[in-house]
Every structure is written in structure tokens, then in C-alpha cells.
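Participant: Spelled out, the chains give:
There are 2 protein chains.
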Amino acid sequence: MKFEIKRDRLLDGLNDVMKAVSSKTTIPILTGIKFDLTTAGLYITGSDSDITIQTFIKAEENGEQVINIFENGTIVVQARMFNEIIRKLPTNAVEIEVNGQNRTHIRSGKSEFHLIGLDASDYPLLPDIQDDHQFSIPADLLKSTIRETVFAVSTSESRPVLTGVHWQVKSGELECLATDSHRLARRKVTLQQLPEEEFKVVIPGKSLIELNKVIADSSQPVHIMMTQQQVLFKTEGILFYSRLLEGNYPDTSRLIPSDYNTTITLDGKALLQAIDRASLLAREERNNIVQLTSLGGNIIEISSSSPEVGQVEEEIQATSIEGEEMKISFSAKYMMDALKAFGGHDIKIQFTGAMRPFILNSVHDKAILQLIVPVRTY
Amino acid sequence: MKFEIKRDRLLDGLNDVMKAVSSKTTIPILTGIKFDLTTAGLYITGSDSDITIQTFIKAEENGEQVINIFENGTIVVQARMFNEIIRKLPTNAVEIEVNGQNRTHIRSGKSEFHLIGLDASDYPLLPDIQDDHQFSIPADLLKSTIRETVFAVSTSESRPVLTGVHWQVKSGELECLATDSHRLARRKVTLQQLPEEEFKVVIPGKSLIELNKVIADSSQPVHIMMTQQQVLFKTEGILFYSRLLEGNYPDTSRLIPSDYNTTITLDGKALLQAIDRASLLAREERNNIVQLTSLGGNIIEISSSSPEVGQVEEEIQATSIEGEEMKISFSAKYMMDALKAFGGHDIKIQFTGAMRPFILNSVHDKAILQLIVPVRTY
Chain A
0 MKFEIKRDRL LDGLNDVMKA VSSKTTIPIL TGIKFDLTTA GLYITGSDSD ITIQTFIKAE
60 ENGEQVINIF ENGTIVVQAR MFNEIIRKLP TNAVEIEVNG QNRTHIRSGK SEFHLIGLDA
120 SDYPLLPDIQ DDHQFSIPAD LLKSTIRETV FAVSTSESRP VLTGVHWQVK SGELECLATD
180 SHRLARRKVT LQQLPEEEFK VVIPGKSLIE LNKVIADSSQ PVHIMMTQQQ VLFKTEGILF
240 YSRLLEGNYP DTSRLIPSDY NTTITLDGKA LLQAIDRASL LAREERNNIV QLTSLGGNII
300 EISSSSPEVG QVEEEIQATS IEGEEMKISF SAKYMMDALK AFGGHDIKIQ FTGAMRPFIL
360 NSVHDKAILQ LIVPVRTY
Chain B
0 MKFEIKRDRL LDGLNDVMKA VSSKTTIPIL TGIKFDLTTA GLYITGSDSD ITIQTFIKAE
60 ENGEQVINIF ENGTIVVQAR MFNEIIRKLP TNAVEIEVNG QNRTHIRSGK SEFHLIGLDA
120 SDYPLLPDIQ DDHQFSIPAD LLKSTIRETV FAVSTSESRP VLTGVHWQVK SGELECLATD
180 SHRLARRKVT LQQLPEEEFK VVIPGKSLIE LNKVIADSSQ PVHIMMTQQQ VLFKTEGILF
240 YSRLLEGNYP DTSRLIPSDY NTTITLDGKA LLQAIDRASL LAREERNNIV QLTSLGGNII
300 EISSSSPEVG QVEEEIQATS IEGEEMKISF SAKYMMDALK AFGGHDIKIQ FTGAMRPFIL
360 NSVHDKAILQ LIVPVRTY
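These protein sequences, in sequence, are chains A and B. Under numbering that gives the first Met the number 0, the first residue of the first sequence is numbered 0, with each subsequent residue one higher. Under numbering that gives the first Met the number 0, the first residue of the second sequence is numbered 0, with each subsequent residue one higher.
Just so you know, these hints were derived from the structure itself, not from any lab. Heads up, some of the hints might be wrong.
As the list makes no split between identical chains, a pair holds if one copy fits it or if it spans any two.
No more than 27 Å apart at the CA atoms, straight line, and that leaves these computed lysine-lysine pairs for BS3-like [claimed, not checked]: (1) LYS18 x LYS1; (2) LYS268 x LYS109; (3) LYS1 x LYS268.
Because the structure is a prediction, the values reported are computed rather than measured.
Isolated chain A, as found in the complex (with noise of 0.2 Å):
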């Protein structure tokens, strides 16, 4: 294998492969990131067997000559190393060379390092996915759409299932879902063209945080495409594989309330900050807790207390509420979170008691339901 490359667009290829590689990996191999050399240009694979990434560099790229191909080939080199050294390599042309005993040379300048390459041959092999279930949608609908639930997963392992998102294709809609039992978030998103079967499927919540980071904004379409055991996103250039989470997902169906006693809208960002001030002092405590209370005047109060460290009460004006009076105490953390979902607008949230799970949607539509299990403070 022997190719020039130019340096810039080598980086931009491993920056996105190398957030598939764990140093915490126990099979020595995937330490290292695969290349594979052929006429039409070069692809890169890394992967810690959860999450596979492997991205194409085109060989010519609108008429321009990104890499110069003398030999093609294979190899895998230690990942972090081979990443380091192209970053502070002096000059933007590097050559890189393979021969016996997967000796590895990297040429730059004056500089030239020599490296124990691996046989590519021990390397996994790319899952293998059939277009089973294969439908597609605009990249940046599909990062707010993981944006929007993935932070409600739950980071115990007690129950593996809930580390992930279900989605399910039902009744032309997708939905996305994700709870770790104390608060629920769930989006739906209408798209053309989804697979006629119903399906649905459990994605790792940290398999979709790290797609958000490879996939760039953009209204170019992703393609998913899903196997019992894979899930496969692909986008011009990359294809990123995860695998599923195994179990039945618990229907959540009833969790959700269907009657509401207090119906309270506002802004969503003014009630965001107020409940991040509040969260100063609820976080010395061990819960978190701030409490919620509805005044006269369409007024409401956000307080929270420590007894160590002291008291902080705000007053929010409303935009209506409508029912009856209420006072309920909630995590913090778990309503910024569900407030940064709505991105600022305004929002409604509708009680049922202040014992009672409580949800938020938008004024302008349903797709997000955001849900949160109140605590008990008395």
C-alpha cells in the first residue's frame, strides 16, 4: 500500500472514525483503525464493537486529486497514535507506506515515522445489514429528534433496556421514546415513505449521542436501516453502525395521563433560568429538589431551600393558568432537561396532582411530550 494524501482531509476522515475507538477496548484490535487503499480512494474503519464508524475519502473530489494512489492495500495502525501524529505533521502533503511485516512509514517533510502496523485481516468485518427495514430523513430533523430523548435515558444497568431509545414505526409515524422511570421524553415525527410493516427497535442512548456528533447539520437525508441486531445510518461519505439493545421495551402508554387538573403556560426559557437559579442552592442538597407554586394574578413561584446554605424564591408571570391551585416539588435537573428540549418557546404543563406524573408540550404542537414523576417532599 503506498498513496499521498493531503493532510487537512485525512484529519477531518480519522476525526470522525476515532469516536468509535474506546482505549478501554478488551480485543487489542480495535484499538486500531483499518485502511483499506482501492482505485476509487481510501476507506477508513474504527470501531469498540458497539458502535462501528467508517468513513470514504474519494480518491478525486470535484475534479480535485486528493490522494495520489500508487499501490493499493490494507492496514490497521494504533488509532490515537497514527491520529497524533498526522495532527502535527509539518507540511499538509503526507505519504504513507506500507511494506513487509506491515511496516507502516508516514512521510512529511523532513519528518518520517516508522510504525508496527497490524494485519488488517484480524480486523472485524463491517456488520452485515440487509435494507430490511429502510426508510430515510432530513439530517437535522434526526439530531433534534435524538437531542430531544436521548437525554432521558436511564445510566443504570439494572434494567440494560432503558439505556436506549425505542423507536417504533406505527401508523406512518416514527416515535422515539426514551424513560429512565422517573421522567419520560418522547418525540413523533411524520415522514414520507416510511416501510410499510410496523417495527420497532431499542437503540443505545450512547450510540445516538455519538451519531449526533459524526452526522453535520444539514437537510440531507440520512438513511436508516435497521436488523434485529443493527442499526445502520449512512450519509454521504459515512456509515455509522450500532448495534440494539435486546429485551422488550415496557410499555409506557399508561404512564401517561390522559385528564389534568392545572393547566399552567409560559415561556419556557424565563421558567429554564429561573429553575437554573433555583438549582444552585437545591444542589447542595442531595435531591435537587425545587418546588413549583401557583399564585394569584397568573403568578407562579419558584423556590427551592437548603438548610445549610439558605432560601431562593422567584416569581415567573404566566401566560394563563387555568384550574386549580398547585404546589408541586420536582429534580431540577430533570425539568432543565426537559425544558431545553423546547428550545425557549413557549410552553404548557399540565398537572394532574402533586403526586401525580405532570407533562409539557409546545402551545404550537404535540410532537415532543416531555413527562416528569414529581417527588414527594413532605
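We have chain A; now place chain B onto it with these hints.
Facilitator: Only chain B this time, still in chain A's reference frame:
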């Protein structure tokens, strides 16, 4: 105590003082900061007992009213909490009021915090500094002098005096010197109006690093006052106190060789970058060693190898190589630290032999000297 203050001006003051506050202190009141409100303005003090920083915010600055004072007074409040609260307040107008039992009220917009304060009379007094050995130095010269020496202090507590920088006034010069016994950094500064009598002190490296964060880049003078136990750095609006280290600083004058067998003159920046690259492989080994070899034609080679990972070599064109051929091994980290002190100018490296300390100077002047003890590699 009761006053109104502009939030951004208060935050600036807090930002400086917080650098002295440690969460690891064993003296509970030092987790707090002290406020002294006088008719002239607000003094804010923070301390970890090694370093004490006091800032002063004038009530009126350039004809603008920064503080509206209703009632003078003093209070100590929990530093980290107070700072975070001020940072997150909803408006730029802040009212602070202390009433019975040190209850401290912070009001801004519709937000109101009530903190449990501490009695300011329990807060340690500022160190008592006489103007014994007083001189001044422009802020930017002070900052570069610190930067060029402080990195060489010892991080080991086995000889505590080596964790400080030795400052000595002698023959009309200020000499600042640090060594961890593997390398040495020395900076000489010629100053007008130095104290007439000679004196020497050892200032903790940690204090000088914090001082450099507090002093603004400018050519304004910093007034320096020394006693046996304390040093005070005084600028417009800021007092920075540090305790001094006890014990005799070793005589280092005999460490510095006086005659040399090989002198290499070259671009310090090119050498720094080559060593940075070579150290990528050197770092994999515990010792982080790179090798410098003089070749013919004014070329030097920087190289390094790691049995597990591979090798690297790079040639650099020197301006001149005088004297004997040289092959020497040293710590990449020490060499990079030393080269950074010269800010990328052309430098001169003088060697006495592969086993003897070597020194670096700027080709322009001798104000900075860096010395490195080589490593035996065979």
C-alpha cells in the same frame, strides 16, 4: 450592610479573588470570601492561607456610580455559591443586604436569594507587610519573567524549597531562578530603583502561577514588597499576598558549565516542533526521551523510538554547528518547556559532552538561560 452594584463589575472582582479560594482548605471560614463595604467602595478578600487576594471596587469610577451605598458593613459568604449566584442573576442591577444573624439577601429582578453568612470578624487579617524591600516592575515584564522560570520548579515535596522560584536582588539586577535538579531556568532583569541592600527570597511556584492569571497584560508598574515571611504584589485595584518558602535555596552557580565543546545555532521554533513530533513516540515509554545528533552540513537529526510502536526521525537545518560532533539524549518535555521560554526566536545550544548539562540562550541576549541535564541511554 446594604448596597447596589453593577453585576458585571462585581463579577470582575470576584473572578480575581476566587483564584485564592480553595475548596480543599482545612479552615472552614476560608471557603468564604469577605466583603468590606466602606464609603469609598467595596473590598473583596479571598485566601487559602498561602495566597491572599484582595480587590477593591471604587464606589465611583470615571464619574460613573458603580456602587450605591446605603449602609457600610462587613460579611463573609460562601465563595463558590455566591459567585455562581451572581453569575446567573437575571439583571445587571444587584442589591445586597445583610441584616441580623449575618443573613445575606441578594436581589435582582424578581429573584431573591437568602444566604446564611458568617461573621467577618472571624476572617483572618491581611498579612502585615512593611515596605522593607520595595521595588516595582512593569506588569508585562513581570509576567514574562514568571513564565520563563516557574515551569522548572520541582513538583516533589521532598525538598520543599525547590517548589519555589528563587528571587535575588544583587548587583543592581533581579535574578529569578528555578530548578528541580534535572533542569534549571534563570532570568535576569535589570531594573531601575532596586532596593540598595541585597536580599533573596523563595516564592512558591503555585503563587506565581496564580499571580500571572490575576495581573492584566500592560506596561503598568507592579509594586513588590518583601518581608521575611511574605511578599505583596500590588497593582491598580489588586493586592496579591503570598507566603514565602523557608529554607536555604541551594547554590546553583557551579551547575552551569563555563566552557563548551559544541555550539549549535538554529531556529528555536523548528526545533520545538520537531521535538514535539518525536515525543509522540517517546511518550509511550516511561521516560519520554529524544535524541539529538549532529550530522554533516549543519544538519541535526531529532529521533526517538519505542520498541512497541516504532521510530521517528527528522532532520533540521541549523544556522551553524561549531566544535565537536554531538549525540545526546534528553527529556522531550524539559526541552520543549525550555524552548517555549524563548518564544520562537533563534537560539544557541552549548554542549560540554553527552553526559554533561547543556545550556540554551537566545542568540540576541543572555537574559534567559535554560539548562538541561541529559539522560544516559546506553
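Participant: Hints the structure violates: just list their numbers, smallest first.
Facilitator: The structure breaks only hint 3.
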